[in-house]
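Asks: With the sequences and hints as input, model every part of the structure.
Number of protein chains: 2
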Amino acid sequence: MNSHFQAVDLQKAYRLLNHGPTVLVSASHEGVDNVMAAAWACALDFDPPKVTVVLDKTARTRQLVEGSGWFVIQVPTAAQAQLTHQVGTRSLFDQPDKLANIGVQLARVEGHAAPLVEGCSAWLMCRVIDEPHNQTTYDLFIGEVVAAWADDRVFRDGHWAYEHADPQWRSLHYVAGGHFYAIGEPVVVDPQS
Amino acid sequence: MNSHFQAVDLQKAYRLLNHGPTVLVSASHEGVDNVMAAAWACALDFDPPKVTVVLDKTARTRQLVEGSGWFVIQVPTAAQAQLTHQVGTRSLFDQPDKLANIGVQLARVEGHAAPLVEGCSAWLMCRVIDEPHNQTTYDLFIGEVVAAWADDRVFRDGHWAYEHADPQWRSLHYVAGGHFYAIGEPVVVDPQS
Numbered sequence: 001m002n003s004h005f006q007a008v009d010l011q012k013a014y015r016l017l018n019h020g021p022t023v024l025v026s027a028s029h030e031g032v033d034n035v036m037a038a039a040w041a042c043a044l045d046f047d048p049p050k051v052t053v054v055l056d057k058t059a060r061t062r063q064l065v066e067g068s069g070w071f072v073i074q075v076p077t078a079a080q081a082q083l084t085h086q087v088g089t090r091s092l093f094d095q096p097d098k099l100a101n102i103g104v105q106l107a108r109v110e111g112h113a114a115p116l117v118e119g120c121s122a123w124l125m126c127r128v129i130d131e132p133h134n135q136t137t138y139d140l141f142i143g144e145v146v147a148a149w150a151d152d153r154v155f156r157d158g159h160w161a162y163e164h165a166d167p168q169w170r171s172l173h174y175v176a177g178g179h180f181y182a183i184g185e186p187v188v189v190d191p192q193s
Numbered sequence: 194m195n196s197h198f199q200a201v202d203l204q205k206a207y208r209l210l211n212h213g214p215t216v217l218v219s220a221s222h223e224g225v226d227n228v229m230a231a232a233w234a235c236a237l238d239f240d241p242p243k244v245t246v247v248l249d250k251t252a253r254t255r256q257l258v259e260g261s262g263w264f265v266i267q268v269p270t271a272a273q274a275q276l277t278h279q280v281g282t283r284s285l286f287d288q289p290d291k292l293a294n295i296g297v298q299l300a301r302v303e304g305h306a307a308p309l310v311e312g313c314s315a316w317l318m319c320r321v322i323d324e325p326h327n328q329t330t331y332d333l334f335i336g337e338v339v340a341a342w343a344d345d346r347v348f349r350d351g352h353w354a355y356e357h358a359d360p361q362w363r364s365l366h367y368v369a370g371g372h373f374y375a376i377g378e379p380v381v382v383d384p385q386s
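First to last, the sequence lines map onto chains H and G.
With my numbering, letter number 122 in the first sequence gets 122, and the count goes up by one each step, no holes.
Basically my numbering = 1-based index in the second sequence + 193.
Some hints could be false.
As the list claims (entries may be wrong) - Listed below are the simulated DSS-like cross-link pairs for lysine-lysine, each with C-alpha atoms no more than 30 Å apart in a straight line:
#1 G:Lys205 <-> H:Lys57
#2 G:Lys250 <-> G:Lys291
#3 H:Lys12 <-> G:Lys250
No lab work stands behind these hints, which were simulated from the structure alone.
Replies: In structure tokens form, the structure reads like this:
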């Protein structure tokens, strides 16, 4: 990672997902890395920060999450729309070279085994909180966020700065069939009202 | 509701939340109606459609959801930013006239007891799937969507049409402290790539 890769205070980590972006989920187990896209990821708690993510039983990434007990939720940018769609529609089961074919670059942070996708705007390192009933019945995984980082060109001082960054940094919000919306302009109300 | 209030095919209901908007949660029990805001709501399944939503133990609306077994998730618009912040920061415990003071207008759909907030862009009528462990441990509620509606000025043919509607219809994506982002412009990739 580069000099813009900055740690985020865990008490502010929920803000990385609060606006509902489509995310990338990455994991690694027994030497196998994979990355998938997920529109169904959400903050669950502030402190300690927790997240939920839905991982389909057909997803190879889910096996890596279950095998390792760890996953990374990261926020892809508008510049990564094609990559986001491709990792979400291609399976490592069919394409052993999926990540290389798509051009996904992975990075590691010392002390953490799960891989981070380069070029994203934010990353949450999550430890699986084992909830077999949720995982089996709903494909719903709960993770505790043990570390978080963001690119300070678009997230700094605990806030997104989309309106001050290049539009290529905007988060993606998936609809269907290759259609996303980028996050838009600020709407500010009187917090005392 | 008006002539723009149209039923949404349940197989497409997930699309109403897929882009991660901040929502309003409404419920009614024993003659008490309430509405709260929630940034932590997410689609959980396609068919039958299910959703998750985090309802804090301090929220009066949570008691109404637990008492009645029903809630409505609705997508507020940029025009409702102040209302969304106010229903999310004021409690019915302190303000018995909360909804009237804020100017929240409720409507009912025949056959459903839970109230809908007028002026929103979409509504999902949800029956609580009782999961006591999730509710107690994580404040996490799961609902099955039994009916869905949208305003055809901004959602039609199973797709959001934000780019073709007045900007006041855009969904809200909460950050913190009265700061939201509105949903932005479309980003379309080749679905075959």
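Asks: Could you run down the list of hints and mark each one as holding or not?
Replies: Tested hints:
1. G:Lys205 <-> H:Lys57: With a Cα-Cα distance of about 21 Å, the restraint between lysine 205 of chain G and lysine 57 of chain H holds, given a limit of 30 Å.
2. G:Lys250 <-> G:Lys291: Given that 30 Å is the threshold and the Cα spacing comes to 19 Å, the pair holds.
3. H:Lys12 <-> G:Lys250: Holds, at roughly 21 Å.
Violated hints are absent here; each numbered hint is respected by the structure.
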